[in-house]
Amino acid sequence: GQQVMQIPQYQHVQEGEDFTTYCNSSTTLSNIQWYKQRPGGHPVFLIQLVKSGEVKKQKRLTFQFGEAKKNSSLHITATQTTDVGTYFCAGRTGTASKLTFGTGTRLQVTL
Amino acid sequence: GAVVSQHPSRVICKSGTSVKIECRSLDFQATTMFWYRQFPKQSLMLMATSNEGSKATYEQGVEKDKFLINHASLTLSTLTVTSAHPEDSSFYICSALRTSGNYEQYFGPGTRLTVT
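Residue numbers (our numbering), protein chains in the order written: chain A, 1 to 111; chain B, 1 to 116.
Just so you know, these hints were derived from the structure itself, not from any lab.
Errors might be hidden in some of the hints.
[As the list claims (entries may be wrong)] So the derived label-pair ranges between C-beta atoms look like this:
1) A/M5 <-> B/H7: 38 to 48 Å
2) A/K56 <-> B/S73: 28 to 38 Å
3) A/G40 <-> B/K14: 18 to 28 Å
4) A/E15 <-> B/T31: 20 to 30 Å
5) A/I47 <-> B/G16: 38 to 48 Å
6) B/G16 <-> A/G16: 46 to 56 Å
7) B/K64 <-> A/Q14: 39 to 49 Å
8) B/S100 <-> A/T82: 27 to 37 Å
9) A/T93 <-> B/F28: 19 to 29 Å
10) A/T62 <-> B/T80: 19 to 29 Å
In this text the structure is predicted, and so the values were computed from the model without any measurement.
The beta-carbon is built from N, C-alpha and C at its ideal position, and this holds for glycine as well.
Sequences are here, hints too, so could you generate the full structure?
Structure, rendered in structure tokens:
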């Protein structure tokens, strides 16, 4: 079945440093979404990418969708302690409505 | 943004009993809802897709007779964990699919089930 892997599994940075998580799917995706889950909380939708090579920005967050639509990345510039949490990518294939979640990257930010 | 509620938020039950979890979309109608399970420090694993007015579609390895899903209205889906065992202890999260706009899934706050 479809697998979606993320690296790294965990990253600890100091506030102000940049952070990137990479997402790789075993199959071509029709679209990819990114979610953030704070400790003890539920996933919160961040963004959706649909087009090959698409790049979207939300303040300090930059999201990319690969040309082959099998990989994606999330880059955070100048991390803050409020960025702490686990970031999941989640992809859809074809016209299916269900999402397959990536393995997640847990981000820890310290002062 | 859209709101999805889950009830209860936490439940502790004895082994062998059944537990029902409710998932409601509060400000939009959802013909499709999803049920996920998340173990500590792990990703969300899709258990089943709940379709209003029809049978749920279960993922491979998920026992449909153990995890009963009912989606009787456009705003409510329920998951019943039957004859719960300690290994069923987990964080259960539902989401409702909004079919307008980005086809976003809005997640409920989750239900932490502990089976003793």
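We went through each hint and held it up to the structure:
1. A/M5 <-> B/H7: 38 to 48 Å: violated, 34 Å
2. A/K56 <-> B/S73: 28 to 38 Å: Roughly 35 Å apart at Cβ, these two residues keep to the hinted range, so it holds.
3. A/G40 <-> B/K14: 18 to 28 Å: holds, 25 Å
4. A/E15 <-> B/T31: 20 to 30 Å: At 43 Å between Cβs, range violated.
5. A/I47 <-> B/G16: 38 to 48 Å: holds, 44 Å
6. B/G16 <-> A/G16: 46 to 56 Å: With a Cβ separation near 53 Å, B/G16 and A/G16 satisfy 46 to 56 Å, so the hint holds.
7. B/K64 <-> A/Q14: 39 to 49 Å: This hint holds: roughly 48 Å between Cβ atoms.
8. B/S100 <-> A/T82: 27 to 37 Å: holds, 30 Å
9. A/T93 <-> B/F28: 19 to 29 Å: holds, 25 Å
10. A/T62 <-> B/T80: 19 to 29 Å: violated, 42 Å
Figure legend: structure checked against the earlier numbered hints; hints not met, in rising order: 1, 4 and 10.
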